[in-house]
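Here is how the chains run, residue by residue.
Number of protein chains: 2
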Amino acid sequence: MKKSNIFENIPTHIPEELFEDILIKKGIKIERIISKGHTTDKFEWYEQKSNEWVIVLKGEAILSFENASDIRLKEGDYLHIDAYIKHRVSWTKLESETIWLAIHYT
Amino acid sequence: MKKSNIFENIPTHIPEELFEDILIKKGIKIERIISKGHTTDKFEWYEQKSNEWVIVLKGEAILSFENASDIRLKEGDYLHIDAYIKHRVSWTKLESETIWLAIHYT
Numbered sequence: 001m002k003k004s005n006i007f008e009n010i011p012t013h014i015p016e017e018l019f020e021d022i023l024i025k026k027g028i029k030i031e032r033i034i035s036k037g038h039t040t041d042k043f044e045w046y047e048q049k050s051n052e053w054v055i056v057l058k059g060e061a062i063l064s065f066e067n068a069s070d071i072r073l074k075e076g077d078y079l080h081i082d083a084y085i086k087h088r089v090s091w092t093k094l095e096s097e098t099i100w101l102a103i104h105y106t
Numbered sequence: 001m002k003k004s005n006i007f008e009n010i011p012t013h014i015p016e017e018l019f020e021d022i023l024i025k026k027g028i029k030i031e032r033i034i035s036k037g038h039t040t041d042k043f044e045w046y047e048q049k050s051n052e053w054v055i056v057l058k059g060e061a062i063l064s065f066e067n068a069s070d071i072r073l074k075e076g077d078y079l080h081i082d083a084y085i086k087h088r089v090s091w092t093k094l095e096s097e098t099i100w101l102a103i104h105y106t
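For the protein sequence lines, the chains are S and Y, in the order given.
Going by this note's numbering, 6 is the number at position 6 of the first sequence; the sequence numbering is gapless.
Going by this note's numbering, 22 is the number at position 22 of the second sequence; the sequence numbering is gapless.
Okay, chain S solo, but in the shape it has when bound (with noise of 0.2 Å):
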């Protein structure tokens, strides 16, 4: 039984957002995602085949969708986004870092 920090190891250097996978199973994954300033390409979507639940663990980030208005998440705030549904990530805060925890699953 061994304990990670999902606040810790944190690269110093980030020059793109940062996937990292922490399970992987049937039917479920759990990522960490880290940005700082990052946001998806103009003009690009996610459009995933999986259900996604994501929060804000720290920093602060808004998150747009193709048929709704954006939604800014602060620290703690959480949503569920479905399988298919076109998003993409608008802006996150340049000073820091914005360490979101992802669930997909199907």
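Note that these hints are calculated values from the structure, not bench results.
No copy is singled out in the list; a pair is fine if it fits within one copy or between any two copies.
Capping the alpha-carbon separation at 25 Å, the derived lysine-lysine pairs in DSS-like fashion look like this:
# : residue 1 : residue 2
1 : K58       : K86
2 : K49       : K86
3 : K49       : K2
4 : K42       : K58
5 : K25       : K2
6 : K93       : K3
Guided by the hints, dock chain Y onto chain S, whose structure is given.
Same frame as chain S, now just chain Y:
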């Protein structure tokens, strides 16, 4: 699309450990647990049919296991508990809430 915040809507009075379902779908349950000095009853064990990935988001706690050393969890610490592993919460902070996020999956 509606956001919620994991650190909000904390009852002022928490007579017993509080378990709240955030999401329940086939094969997965996401749950918020709030403790405030609570522990698992003496001589009782959790022995779950599902696997659990659990993280302490606020506060502090100690998990005990039948066949392994105690693990002290502070903010951000996470742990995987396989199905059927006997465990109990042997201590949580009394002065302030400990907020857990638990992902149960089969």
